[in-house]
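Q: With the hints as extra help, turn the sequences into a complete structure.
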Amino acid sequence: MLQESESAELRALQARAYGRGGGLTENDAARLRELESMRVEPDLTVRAAAAAGPGIDAVDVLRSPEDSRPPHAGAPVSVPTNGNPSEDSSEDPADEEAVGQQPLEARGLRAAIRQHWKAAVTASAAMLVIGLGVGWAVFGHTGDAVALSSEQQQRRAELQAEGGFDPGSLRAIGQDEDALVWYATKQEGETVCITLDAAGKSADQCQSAADLANGNGIGVSASVTAPGEGEESPEEIWASAARAMNGEVVGIIQRWRSDQNSWLSQFQGDERERAELLIDEGFEEYSFSVVGYFRDAPVWRAQRLENDDVQDCLIVDAVESVDCRASGDEGYSGDGIETRGVTVDETGAVAAEWSVRLAYTLNGTPYLVVSGDSAAAAAEQTVSPGETLELGGEKQDPIQVDIPSDDSDG
Numbered sequence: 264m265l266q267e268s269e270s271a272e273l274r275a276l277q278a279r280a281y282g283r284g285g286g287l288t289e290n291d292a293a294r295l296r297e298l299e300s301m302r303v304e305p306d307l308t309v310r311a312a313a314a315a316g317p318g319i320d321a322v323d324v325l326r327s328p329e330d331s332r333p334p335h336a337g338a339p340v341s342v343p344t345n346g347n348p349s350e351d352s353s354e355d356p357a358d359e360e361a362v363g364q365q366p367l368e369a370r371g372l373r374a375a376i377r378q379h380w381k382a383a384v385t386a387s388a389a390m391l392v393i394g395l396g397v398g399w400a401v402f403g404h405t406g407d408a409v410a411l412s413s414e415q416q417q418r419r420a421e422l423q424a425e426g427g428f429d430p431g432s433l434r435a436i437g438q439d440e441d442a443l444v445w446y447a448t449k450q451e452g453e454t455v456c457i458t459l460d461a462a463g464k465s466a467d468q469c470q471s472a473a474d475l476a477n478g479n480g481i482g483v484s485a486s487v488t489a490p491g492e493g494e495e496s497p498e499e500i501w502a503s504a505a506r507a508m509n510g511e512v513v514g515i516i517q518r519w520r521s522d523q524n525s526w527l528s529q530f531q532g533d534e535r536e537r538a539e540l541l542i543d544e545g546f547e548e549y550s551f552s553v554v555g556y557f558r559d560a561p562v563w564r565a566q567r568l569e570n571d572d573v574q575d576c577l578i579v580d581a582v583e584s585v586d587c588r589a590s591g592d593e594g595y596s597g598d599g600i601e602t603r604g605v606t607v608d609e610t611g612a613v614a615a616e617w618s619v620r621l622a623y624t625l626n627g628t629p630y631l632v633v634s635g636d637s638a639a640a641a642a643e644q645t646v647s648p649g650e651t652l653e654l655g656g657e658k659q660d661p662i663q664v665d666i667p668s669d670d671s672d673g
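Add 263 to a position in the sequence shown, counting from 1, and you land on the number used in the numbering used here.
The set of hints was computed from the structure by calculation and includes no laboratory data. For clarity, every value in this text was computed on a predicted model and none was experimentally measured. One or more hints might be untrue.
Listed next, with one range per pair, are the computed distances between beta-carbon atoms [unchecked claim]:
(1) A410 x E539: 46 to 52 angstroms
(2) E547 x A466: 25 to 31 angstroms
(3) E421 x E539: 41 to 47 angstroms
(4) A473 x P497: 33 to 39 angstroms
(5) D441 x D571: 39 to 45 angstroms
(6) Q416 x S634: 40 to 46 angstroms
(7) S412 x E536: 38 to 44 angstroms
(8) E536 x Q566: 34 to 40 angstroms
(9) E544 x D467: 38 to 44 angstroms
(10) P497 x M301: 40 to 46 angstroms
In this text, a Cβ means the ideal position worked out from N, Cα and C, and glycines have one as well.
A: Below, the structure written as structure tokens:
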């Protein structure tokens, strides 16, 4: 970490190095490299974990948020589904603010980043904003997140000279193939800006730093024609900067083809088959994406039409759950969409409570929060409303428990 005096010295040297008509002596250049290396965090890892669960006899029961207390070990399990966090009496308006202050549980994340995720995230930069689907890359680092070539260093000097940025604030925060994202500030940090360079084109956007502090992120997009044979469709490249939980700014890059078949090709293997099924089940094309994983199965965000009304939906494949709510401003109020449940063992005792929640930032950017799954990761069976569950009694005699339907008409 740099001391305050060293940070000031670094900014001064960068201003001389990258500013218009600037230049450094050999000693000053060596000092600049030394200071820049001192502010770089060396540990660059990907955070992913899966916790061990209970025995194989554990089962899941979906529950609604209003069931604040778990059922007694000896009592029948009776819980509805389609949880709505806005009805949870334990929910407090301050909870939304607390989301950014507590670690995002990574138990549901895959032990290895999927091939189409090209993710490179610092261990401390646990992202809250992850609702960009597949085909995206995340980068986080103090200083330049990528090693710049001599041509890119020249590009940085040009941007610094022409952009009117605060001295020393311009840095590269993400690169995916030919796409490079720059981040900088203006007006002594009051304004934040990103620039996307891709396929010989450039686009930029600036906004108030307060918006980034609130977790809104900033986005800029560019449409380019990807190299290929024949009449290959254009490739959309989208970039954004977001504030991680530790305050660090990370870059996000997403790219996709504009025609349907190429759009579906971003999903691989079982996820491709599942994406095609979602279309068959009535979910709108182009509306859904994988926003995370729960027990090594994808969690989807999607939209569908219900009686001519658009609905936002949370689809949790691991528990075969689909929860929807009317789309619109109320969907971005911070309540989000939530699926909750408990895991019970063969005696009926509650082993764990878990929840999967699709929440939204103030500008509607979705992110996934998974909690309380440590005791449920090895669950063998999911029990849904309307089904019958057999639990072992005190002497291991079978006890049948009917899970009530969530149909309001009975």
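Q: Check the following: the C-beta atoms of A473 and P497 are separated by a distance inside 33 to 39 angstroms.
A: holds (34 angstroms)
Q: Does the beta carbon distance between E544 and D467 stay inside 38 to 44 angstroms, or does it fall outside?
A: holds (40 angstroms)
Q: If you check the beta carbons of P497 and M301, does the distance land in 40 to 46 angstroms?
A: Holds - the Cβ-Cβ distance for P497 and M301, about 43 angstroms, lies within 40 to 46 angstroms.
Q: Kindly confirm whether 39 to 45 angstroms is satisfied by the beta carbon distance between D441 and D571.
A: holds (43 angstroms)
Q: Determine whether the Cβ-Cβ distance between A410 and E539 falls within the hinted range of 46 to 52 angstroms.
A: Violated, at about 40 angstroms.
Q: For the range 40 to 46 angstroms, tell me whether the beta carbons of Q416 and S634 fit it or not.
A: holds (44 angstroms)
Q: At the C-beta level, are S412 and E536 separated by a distance inside 38 to 44 angstroms?
A: holds (41 angstroms)
Q: A range of 41 to 47 angstroms was offered for this pair. Does it hold for the Cβ distance of E421 and E539?
A: holds (46 angstroms)
Q: Does the Cβ pair E547, A466 satisfy 25 to 31 angstroms?
A: About 27 angstroms separates the Cβ atoms of E547 and A466, which means 25 to 31 angstroms holds.
Q: Is it true that the C-beta distance of E536 to Q566 lies inside 34 to 40 angstroms, as the hint says?
A: violated (20 angstroms)
Consistency note: the structure conflicts with the earlier hints numbered 1 and 8.
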